[in-house]
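Colleague: Based on the provided sequences and hints, a complete structural model is requested.
Number of protein chains: 2
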Amino acid sequence: MSYDFLLKDIHNNLTQKSIGTDKGLAKIGDGIVNLTYSIAKSIVLTQNSKNNKSIRTGAKVSKTILANALKEANMKGFSRTRADAHDLADTVEALVAYIWFIRKMTIEDIIHFLVESLDGNLTIRSEEIKSATIAFKNLLIEIKKHLPKS
Amino acid sequence: MSYDFLLKDIHNNLTQKSIGTDKGLAKIGDGIVNLTYSIAKSIVLTQNSKNNKSIRTGAKVSKTILANALKEANMKGFSRTRADAHDLADTVEALVAYIWFIRKMTIEDIIHFLVESLDGNLTIRSEEIKSATIAFKNLLIEIKKHLPKS
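Chains as they are written, first to last, in our numbering: chain A, 1 to 150; chain B, 1 to 150.
Chain B is faced by these chain A residues, among others (derived, beta-carbon under 8 Å):
id, residue
1, 34
2, 46
3, 107
With beta-carbon atoms standing in for the labels, derived distance ranges:
id, chain 1, residue 1, chain 2, residue 2, range
4, A, 82, B, 103, 41 to 51 Å
5, A, 12, B, 57, 13 to 23 Å
6, A, 14, B, 12, 42 to 52 Å
7, B, 120, A, 82, 37 to 47 Å
8, A, 23, B, 64, 23 to 33 Å
9, B, 121, A, 146, 33 to 43 Å
10, B, 15, A, 15, 48 to 58 Å
11, B, 141, A, 60, 27 to 37 Å
12, A, 8, B, 80, 37 to 47 Å
13, A, 57, B, 64, 19 to 29 Å
14, B, 108, A, 116, 22 to 32 Å
15, A, 108, B, 12, 18 to 28 Å
16, B, 141, A, 62, 31 to 41 Å
17, B, 126, A, 8, 24 to 34 Å
Hints in this document: simulated from the structure, not taken from any laboratory.
Even glycine gets a Cβ: it sits at the ideal position worked out from N, Cα and C.
Modeller: And the structure:
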């Protein structure tokens, strides 16, 4: 099933900002970001667990992490001018939803990509924040390859 | 990539309750349920929109809807004894996560399944509740085919 009919208006005028400032995409992307991060974190925690115990966890990625990832990827141009941290985080979520809708990355691809970038001890909050920011920065740079140039 | 190593403890003692009462699976399943329902709802709203407008929306599925779906599917046996509505909803989320982890249904399969069952006018809250309950009931009956018999 193609989801193109859900993106008709965006594809009629496809720009970095038409994707990155879409509120509906951001809402759907919020779900994709938290789901893929939860599973990636579960995988990394399980891989690093000393007694080889399976660990399954839910995790919300904070707006600050997402906003910083967008800045570090030099992709603030996808957000609106004078965007605050909340707007920047929404832009990350919209871009992740878009890349999934156009089928350039599956949920499994995104999880795999995050797992590859996540390191350090994720049970220590400050290390997790640093690691998650880098992971989403790397994901954004990958996503950018499939996005319009302006 | 196989996710089996994330389910080792559950597979060591695989029962309806070991899946349905797992708190970690429920957390991950919460994300899958809300994501797939958001996209299914977006698809149905777009298909039914009069001016052919694309509609993208986020949506949270209430605990009541999920609890009632489990009851109507006659699958309370997957939850703990004397479960309240919150426990029953957690069980639905755990079962959805499990079926995805063991790769019997993809995210796209779940979305497609929900779309097939969703009808009525989803912009009217009472109709949405009725329709979503039936959709998750049908999804649960499908999932059950792949679950242990006791």
